[in-house]
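Numbering (full-length UniProt numbering), first residue to last: 1 to 429.
Treat the hints with caution; some may be incorrect.
What the hints assert, rightly or not - Once the Cα atoms are required to be at most 16 Å apart in a straight line, the calculated EDC-like pairs of lysine to aspartate or glutamate come out as:
1. 286 / 353
2. 167 / 233
3. 286 / 221
4. 176 / 245
5. 167 / 103
6. 234 / 213
7. 242 / 268
8. 167 / 213
9. 247 / 402
10. 242 / 257
11. 286 / 352
12. 167 / 245
13. 312 / 279
14. 167 / 156
15. 242 / 213
16. 275 / 352
17. 286 / 408
18. 147 / 98
Because the hints were derived from the structure by calculation, they are not lab data.
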Amino acid sequence: MTILNTTLDQNQNQNQNQNQNQNQNQDQDQDQNQKPDHEPADRLLPYPDADLLFVTELLPRQERERLAELRAFFQDEIRPLAVDHWNRGAFPFGLVPELGARELVRLHLEEDSSLFAGLARMELVRADLSIATFLGVHSELFTSAVKLLGSDAQRERLLPDLISLRKIGCFALTEKDHGSDISRSMATTATRDGDEWIINGEKRWIGNGTFADYVLVWARDTADDQIKGFIVEKDRPGFSSKLIENKIAVRIVQNADLTFDNVRIPFENWLPGTKSFIDTNGLLLKSRVWVAWQSVGIQLAAFDVAREYAVKRLQFGRPIASFQLIQEQLVRMIGNANLTLSLLVQIARLQEEGSLTMDQAALAKAMGTTRMRETVALGRSILGGNGVTTDFEIAKIFADAEAVYSWEGSYEVNALIVGRAITGISAFV
Numbered sequence: 001m002t003i004l005n006t007t008l009d010q011n012q013n014q015n016q017n018q019n020q021n022q023n024q025n026q027d028q029d030q031d032q033n034q035k036p037d038h039e040p041a042d043r044l045l046p047y048p049d050a051d052l053l054f055v056t057e058l059l060p061r062q063e064r065e066r067l068a069e070l071r072a073f074f075q076d077e078i079r080p081l082a083v084d085h086w087n088r089g090a091f092p093f094g095l096v097p098e099l100g101a102r103e104l105v106r107l108h109l110e111e112d113s114s115l116f117a118g119l120a121r122m123e124l125v126r127a128d129l130s131i132a133t134f135l136g137v138h139s140e141l142f143t144s145a146v147k148l149l150g151s152d153a154q155r156e157r158l159l160p161d162l163i164s165l166r167k168i169g170c171f172a173l174t175e176k177d178h179g180s181d182i183s184r185s186m187a188t189t190a191t192r193d194g195d196e197w198i199i200n201g202e203k204r205w206i207g208n209g210t211f212a213d214y215v216l217v218w219a220r221d222t223a224d225d226q227i228k229g230f231i232v233e234k235d236r237p238g239f240s241s242k243l244i245e246n247k248i249a250v251r252i253v254q255n256a257d258l259t260f261d262n263v264r265i266p267f268e269n270w271l272p273g274t275k276s277f278i279d280t281n282g283l284l285l286k287s288r289v290w291v292a293w294q295s296v297g298i299q300l301a302a303f304d305v306a307r308e309y310a311v312k313r314l315q316f317g318r319p320i321a322s323f324q325l326i327q328e329q330l331v332r333m334i335g336n337a338n339l340t341l342s343l344l345v346q347i348a349r350l351q352e353e354g355s356l357t358m359d360q361a362a363l364a365k366a367m368g369t370t371r372m373r374e375t376v377a378l379g380r381s382i383l384g385g386n387g388v389t390t391d392f393e394i395a396k397i398f399a400d401a402e403a404v405y406s407w408e409g410s411y412e413v414n415a416l417i418v419g420r421a422i423t424g425i426s427a428f429v
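Please work from the sequences and hints to get the whole structure.
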């Protein structure tokens with residue numbers, strides 16, 4: 001009996017120790033699962049930010065910390081509302097004051113290092129392309145134009161409200177019948193009449209066009225046949241805008257058809273730094289690089305969704321991420337993203353040196369968006385049938401990628417720019 005009692009006592013002690021260990025393990029698991037509110041849901045995964053090459057380590061500590069703060073804001077405040085607004089084609093106007101308070105417009109005004117600005121814009125696209133496009137059109141195209149090509153009086157009058165997002169701008173270049181050939185065939189005109197200009201014409205696909213306070217319209221001066229930039233306030237008689245509906249991409253962006261019917265503006269609304277279409281090159285160079293960064297953000301967004309889905313989705317009793325074919329697809333996705341990101345790191349270096357050319361910007365846009373197309377297709381495939389509904393987010397990302405592939409010069413146009421650069425022969429018609 002003594003031996004039996006001793007054995008029972010030992011078993012009871014062992015069971016108590018095991019229960020204590022299990023409780024401790026459960027407590028540890030709970031502590032590990034209680035992530036900070038600002039952390040994305042996938043923080044416990046390896047390489048949670050998908051930065052396999054540690055590109056962010058190229059930034060100084062202060063910029064790394066600021067990038068992490070912006071990423072958290074984008075993921076927590078913008079990404080959760082994106083799908084619903086995208087489905088409805090509605091713009092979240094309530095978000096604008098917060099974007100202004102964070103001075104995100106300055107990301108496009110060359111006030112930070114080129115690498116930091118690029119990575120920050122990439123992270124915004126990663127949360128949602130539409131909101132990033134709204135901000136980029138206002139900042140990269142309109143506000144930058146005022147800063148770089150405007151008069152001192154225009155900068156003093158307009159920039160404070162533009163940077164704070166109290167006023168919104170849009171950029172009206174493309175026309176219904178003229179896209180890639182706009183520099184040769186622009187139909188919109190500006191005619192000098194004393195101390196005024198009279199603007200006539202139509203523009204299409206103008207982001208922010210339904211609600212912008214200011215329109216930077218590009219028109220051909222009837223006096224010298226040169227294309228110049230003019231600021232038109234939205235309340236000018238003869239100006240009207242109409243929302244473009246039934247889009248399959250960037251549905252939050254309020255693209256519009258704009259009409260200028262004998263719109264009169266003061267002479268001083270002409271941007272004096274615009275004397276010909278050549279003067280747009282600086283803006284278009286920057287915007288082409290911006291779109292190349294968009295291609296990275298879209299790829300990372302697709303990877304985030306596909307990886308999280310793959311590790312949670314169970315088939316045949318285990319996560320589909322454990323299957324070889326799924327892992328191969330995920331590797332191609334993150335490989336494409338990091339290859340494009342590496343190209344953009346070099347582009348940022350050239351920007352810092354002031355030596356970036358349109359040839360290099362066109363290469364980044366063409367190659368980045370080509371990799372992007374494959375990446376989003378792989379992500380959509382990993383989700384199977386769930387990949388064709390926006391309920392799982394990837395369908396929105398997949399559709400949005402087509403807009404990035406098309407704007408700021410189609411793949412074909414950018415390829416011809418690079419082709420001309422490497423052969424010395426222009427293949428443009």
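Structure-based check of each hint:
no.	hint	result
1	286 / 353	holds (14 Å)
2	167 / 233	holds (11 Å)
3	286 / 221	violated (25 Å)
4	176 / 245	holds (15 Å)
5	167 / 103	holds (13 Å)
6	234 / 213	holds (5 Å)
7	242 / 268	violated (27 Å)
8	167 / 213	holds (6 Å)
9	247 / 402	holds (11 Å)
10	242 / 257	holds (5 Å)
11	286 / 352	holds (12 Å)
12	167 / 245	violated (24 Å)
13	312 / 279	violated (52 Å)
14	167 / 156	holds (14 Å)
15	242 / 213	holds (15 Å)
16	275 / 352	violated (27 Å)
17	286 / 408	holds (10 Å)
18	147 / 98	violated (23 Å)
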